[in-house]
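Engineer: Sequence:
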Amino acid sequence: MPFLSSFKSTVFIWFLTLTSCGSEAKTEKTQEVNAQVSEETFQPKPVIVSANRMERYLPELKNKRVGVVANQTSVIFKKDGFTHLVDSLLSLNIDIKKVFAPEHGFRGKADAGEKVKDDVDTRTGLSLISLHGKTRKPSAEQLQDLDILLFDIQDVGVRFYTYIATLQLVMEACAENDLPILVLDRPNPNAHYVDGPTMEAAHTGFLGMTEIPLVYGMTIGEYATMINAEGWLEGSKKAALTVIKLNNWTHQTEYSLPIRPSPNLPSDVAIHLYPSLGLFEGTNINAGRGTEFQFQRYGASFLDSTQYSFNYTPQPNFGSKNPKEKGLRCYGKDLTDIPRMKAVSLQWLLDAYRNATDKSKVFLTNGFTKHAGTETLQQQIESGMTEEEIKETWQEDLEKFKKIRTKYLLYSE
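Note that the numbering used here has the sequence shown beginning at 1, numbered continuously upward.
Because the hints were derived from the structure by calculation, they are not lab data. Beta carbons: idealized from backbone N, C-alpha and C, even for Gly. Treat the hints with care, as some may be off.
[Stated by the list, open to error] Simulated pairs of lysine-lysine, DSSO-like, Cα-Cα distance not exceeding 30 angstroms:
1) K245 to K342
2) K361 to K402
3) K402 to K391
4) K321 to K117
5) K98 to K45
6) K370 to K407
7) K98 to K117
[As the list claims (entries may be wrong)] Beta-carbon label-pair distances, calculated as ranges:
8) L90 to P258: 17 to 25 angstroms
9) G327 to E382: 27 to 35 angstroms
10) R123 to D351: 42 to 50 angstroms
11) D118 to K361: 55 to 63 angstroms
12) F318 to F77: 19 to 27 angstroms
13) L58 to N317: 38 to 46 angstroms
14) T336 to K64: 17 to 25 angstroms
15) R123 to N322: 25 to 33 angstroms
16) R123 to L257: 17 to 25 angstroms
17) Q379 to T124: 43 to 51 angstroms
18) K237 to S127: 39 to 47 angstroms
19) A343 to T365: 45 to 53 angstroms
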């Protein structure tokens, strides 16, 4: 037992201390053992994702017709690797009727924004219903043969990352059709801060369905609880929602995702930079798509080459069949050594705009507004405001959101 082991070690250290009699060698030995015991005693416990807590949710699925919203991140971890949630549930004789797939598809291979068709999963024979094609919200007909819907997708905590929009639409469909929904929670690697411009009502859409900041600092389970209780579903309806919590996780826990959550987020660095570099998605500037360092660099052929020592050439690859600036030499910056972010940074967007040889080429105005959630940010950049001045204009909305957010946190900060 860990506690007993710790107790015995403590007694041993106490004995060494009493018998040292000023001996320098014995004192050093005591310090060495003490350090070893401290390391063993206070070693953090591993995070347990909700999918692994099967005893908490299997009773809710037994003898029911189950629909699953899932992708390649929906896994149960084991000592020798992992198994997909759907495969595990089928092996336990859970009656899964169909799978609903978000952006990038069930196996996570489609490009960003690419339409995904309904299909059949070759491994299981299950029907796959795309929520990123002709429909984004399950229909009453698609739900009518189900008793419960299970949602398990890894999020990264950025408003324009579309899995939370899928969550919200799925919850709306469940509320409208009196279907219970069970959400399996997973850590958000960007849950340790709240920052960025807040979505304005006039610009809501699939890249931001509610008026929340760019980085909202909540797990997908916490967010589901908030949008349900705050009446943010269509018609202010409430879903019959159950969230299965994580174990051994807080908002400050550094968590490395073992599976890339989408094709163009290949590493921890990319995930931590995504809130900041994701704003380039609404511009003509390349943010690493078409390279192996997506969201870890930025550049364009129309940035002043004399201002940069770094350059690269995007080419079609996995996750990006037609990247911006394809085949062109892009001048910009390599950010692979940037430490874990604790706030949204505008420094790179401002740098790119300042060094654009033709500033009219920078913004895809409509696209940038959809990503930023406001027309104001582009206007602020074009007017020459500093990062500090721009971020100051976010603060009132951020404080309002934080007060609402506090009510729905399931884990300590």
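Engineer: Does each hint hold? Answer for all of them.
Structural biologist: A quick look at each hint next to the structure:
{"no.": "1", "hint": "K245 to K342", "verdict": "holds, 24 angstroms"}
{"no.": "2", "hint": "K361 to K402", "verdict": "violated, 36 angstroms"}
{"no.": "3", "hint": "K402 to K391", "verdict": "holds, 16 angstroms"}
{"no.": "4", "hint": "K321 to K117", "verdict": "holds, 17 angstroms"}
{"no.": "5", "hint": "K98 to K45", "verdict": "violated, 35 angstroms"}
{"no.": "6", "hint": "K370 to K407", "verdict": "holds, 28 angstroms"}
{"no.": "7", "hint": "K98 to K117", "verdict": "holds, 14 angstroms"}
{"no.": "8", "hint": "L90 to P258: 17 to 25 angstroms", "verdict": "holds, 22 angstroms"}
{"no.": "9", "hint": "G327 to E382: 27 to 35 angstroms", "verdict": "holds, 29 angstroms"}
{"no.": "10", "hint": "R123 to D351: 42 to 50 angstroms", "verdict": "holds, 46 angstroms"}
{"no.": "11", "hint": "D118 to K361: 55 to 63 angstroms", "verdict": "violated, 38 angstroms"}
{"no.": "12", "hint": "F318 to F77: 19 to 27 angstroms", "verdict": "holds, 24 angstroms"}
{"no.": "13", "hint": "L58 to N317: 38 to 46 angstroms", "verdict": "holds, 40 angstroms"}
{"no.": "14", "hint": "T336 to K64: 17 to 25 angstroms", "verdict": "violated, 47 angstroms"}
{"no.": "15", "hint": "R123 to N322: 25 to 33 angstroms", "verdict": "holds, 29 angstroms"}
{"no.": "16", "hint": "R123 to L257: 17 to 25 angstroms", "verdict": "holds, 22 angstroms"}
{"no.": "17", "hint": "Q379 to T124: 43 to 51 angstroms", "verdict": "holds, 50 angstroms"}
{"no.": "18", "hint": "K237 to S127: 39 to 47 angstroms", "verdict": "violated, 26 angstroms"}
{"no.": "19", "hint": "A343 to T365: 45 to 53 angstroms", "verdict": "violated, 26 angstroms"}
Violated hints, listed in ascending order, are 2, 5, 11, 14, 18, 19; each of the other numbered hints is respected by the structure.
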